[in-house]
Structures are given as structure tokens and as C-alpha cells.
Amino acid sequence: MKKIIALALTTVMAASMSTAVFADGKTVASVDDLKGAYIGVQLGTTGDIYASDYEGDEEGTQIERYNKGNDAVMALSQGKIDCVIIDEQPAKAFVEKNEDLTILEEEFALEDYAICVSKEKTELKDSINTALTELKEEGVIDSIIANYIGEEAGNSPYESPEDVDRSNGTLVMATNAYFPPYEYYEGDKVTGIDADIAQAICDKLGYELQIDDMNFDSIIAAVQAGKADFGAAGMTVTEERLKNIDFTDSYATAKQVIIVKK
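Numbering (numbering that gives the first Met the number 0), first residue to last: 0 to 261.
Hints may be right or wrong, so weigh each one.
[Said to hold, decoys possible] Simulated crosslink set (DSS-like; lysine-lysine; CA at most 27 angstroms straight-line):
#, residue 1, residue 2
1, K203, K188
2, K79, K25
3, K254, K96
4, K91, K25
5, K254, K242
6, K25, K254
7, K91, K203
8, K96, K79
9, K260, K120
10, K124, K254
11, K260, K226
12, K96, K67
13, K25, K124
14, K79, K254
[Stated by the list, open to error] For each label pair, taking beta carbons as the anchor points, the in silico distance ranges come out as:
#, residue 1, residue 2, range
15, T132, E185, 23 to 33 angstroms
16, G78, G205, 48 to 58 angstroms
17, A108, D212, 18 to 28 angstroms
18, K188, K91, 18 to 28 angstroms
19, G24, D141, 16 to 26 angstroms
20, N66, E207, 48 to 58 angstroms
21, S166, K118, 19 to 29 angstroms
22, K25, E104, 16 to 26 angstroms
23, A152, G24, 16 to 26 angstroms
24, T132, D162, 38 to 48 angstroms
25, E185, V30, 15 to 25 angstroms
26, T169, N66, 47 to 57 angstroms
In case anyone wonders, no lab produced these hints; they're calculated from the structure.
C-beta: ideal position from N, C-alpha, C; glycine also.
Make a model of the complete structure from these sequences and hints.
Listed below in C-alpha cells is the structure:
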């Protein structure tokens, strides 16, 4: 019996070891070093899309995909991957909490964030664009972003006007709330730049806002299926996504960066 148990334990351990992925310790000091590296990304994000160009190359580049950006960062700290490609602001938040990590000065890519809406809801897209235009002209968008990013962070929290008429009902926003400072949990509440901008849009259009948290790669499908009215999650407009979904005007410009171990 002892031999059978020992054999079973050995089999389980071998199976666990075979599924674990560890990088070979390649040093990534620039974008040129990505070839042949183990690259961590959050599933379905722009980083995932761009990193996919390296997948299957002659250098043996490996892409490891995680449901949450934090999981990719943890894998980097544990030496399972060589780097993480992710948006700059979440990268700063992750590095601030992990002293063994740093962000390369060389940017990986520039991108524009926008809100995704079903191709069948052109009226809603037009309404959101109108609200975004007004919020930009009024300085509200800049104020919301400044409340989370930069030296003035925390000094200009968004507050809904007291006289908002919300008789138009509720708009459901799909997001992935593990992407600070764009969306993250503060207690039980989803907050961040996208949450505040969505609230400001609903204030303009006369709606209540409901935020549904889900995996990033489920957002577009939820909007397509009508389970959510729109998606906002630091989402970049790409040709591939435009095949399945529409986007509003851009509300922020960001960049993809590379996180590595010091």
C-alpha cells in the first residue's frame, strides 16, 4: 500500500512539474530583446494582441497569458517569465508594490482608449460621443484623469451633479476591475478613471450606471450579446476588434510598456 501511495504521489508531482512554466532567465533590456523571451500578458488585452506577433517565431518566443495583469506580474517576480507587456499606468501601480521590478524606459507601443459599443447600437454610440465631446470641452475628462494620475492625484474627485434626471433607466458597463488606475476595487466598489468617466457620461445622458466586473476577454462578447450596454476597460481600438464591435471617440492616450526584474 505504501508503495502504491508513493507511486501516486510521484505521478502527481511529475504532472504538476510538467505543467509549470519557467523562463530560461533571458535578460530583456529593450524591445529588441523580446524575441526568444517568455512574455507575460493579460489575456485579450492590447499587450496580448501585440505580443502575438512574436509567437511562433524562429527564436522560440513564448507568450504566457493570464486572466489578470497582477497574475502576470506575480509570475515575473517568481521567475516564471522574463517580462510583462502591459499598459503604462497599471504597470506603475504594479511596480510600486513590487520593489524587485522596474519598467523599461523604451515604450512598446502607443494606443488610444475608447468605449466599445455594439454595432447595432449606433444611437447609443452617438449619444456617448456627444457626452464625451461636452465633457472634454468642460475639462471634466482631464480633471478625472488628473485625479488618478500625476502630482495632483486625489485633488479632483468626480462628483455627480445633484439635479441629474435619471429617468432614462440604467446603462450597464462591462469592465475588468484589475487595471488600476482605470478600474479597480476600493472596498466593494469599482472605481477608477473609466468608472468616473462612465458615471459622468450617464449623468449627461440621464441614466443610472451599473458596473459589471468580468474577465477582460469577455467584455466584447458581453456587449455583443446585449448583456452590457458598453465596455470600458482601458480598451484600445484595433482593426481586429472593429470586426466585431464599434468604438466611440477616444478619451485617453496611453502606451504599452515592458516590466522586467531589476
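How the hints compare with the structure:
1. K203 to K188: Distance of about 22 angstroms is within 27 angstroms: holds.
2. K79 to K25: Holds - the C-alpha atoms of K25 and K79 are around 11 angstroms apart, at most 27 angstroms.
3. K254 to K96: Given pair K254, K96 holds - Cα atoms ~20 angstroms apart, limit 27 angstroms.
4. K91 to K25: 22 angstroms, holds
5. K254 to K242: 23 angstroms, holds
6. K25 to K254: OK: K25 and K254 at ~24 angstroms, within 27 angstroms.
7. K91 to K203: Status violated; Cα separation ~32 angstroms.
8. K96 to K79: 19 angstroms, holds
9. K260 to K120: Judged against 27 angstroms, a Cα distance of about 44 angstroms means the pair is violated.
10. K124 to K254: Holds, because 25 angstroms separates the two Cα atoms, which is no more than 27 angstroms.
11. K260 to K226: Between K260 and K226 the Cα gap is close to 40 angstroms, so the pair fails against 27 angstroms, i.e. violated.
12. K96 to K67: This hinted pair holds, its Cα atoms lying about 16 angstroms apart.
13. K25 to K124: Violated, because 45 angstroms separates the two Cα atoms, which is more than 27 angstroms.
14. K79 to K254: With a Cα-Cα distance of about 25 angstroms, the restraint between K79 and K254 holds, given a limit of 27 angstroms.
15. T132 to E185: 23 to 33 angstroms: Check passed, 29 angstroms falls within 23 to 33 angstroms.
16. G78 to G205: 48 to 58 angstroms: Once the Cβ atoms are compared, 52 angstroms apart, the range 48 to 58 angstroms for G205 and G78 holds.
17. A108 to D212: 18 to 28 angstroms: 26 angstroms, holds
18. K188 to K91: 18 to 28 angstroms: Once the Cβ atoms are compared, 22 angstroms apart, the range 18 to 28 angstroms for K91 and K188 holds.
19. G24 to D141: 16 to 26 angstroms: With Cβ atoms ~43 angstroms apart, the hint is violated.
20. N66 to E207: 48 to 58 angstroms: Roughly 29 angstroms apart at Cβ, these two residues miss the hinted range, so it is violated.
21. S166 to K118: 19 to 29 angstroms: 27 angstroms, holds
22. K25 to E104: 16 to 26 angstroms: Holds: the Cβ-Cβ distance is about 19 angstroms, inside 16 to 26 angstroms.
23. A152 to G24: 16 to 26 angstroms: 36 angstroms, violated
24. T132 to D162: 38 to 48 angstroms: 21 angstroms, violated
25. E185 to V30: 15 to 25 angstroms: 34 angstroms Cβ-Cβ, so the 15 to 25 angstroms window is violated.
26. T169 to N66: 47 to 57 angstroms: 27 angstroms, violated
Going through the hint list in order, the structure does not satisfy hints 7, 9, 11, 13, 19, 20, 23, 24, 25 and 26.
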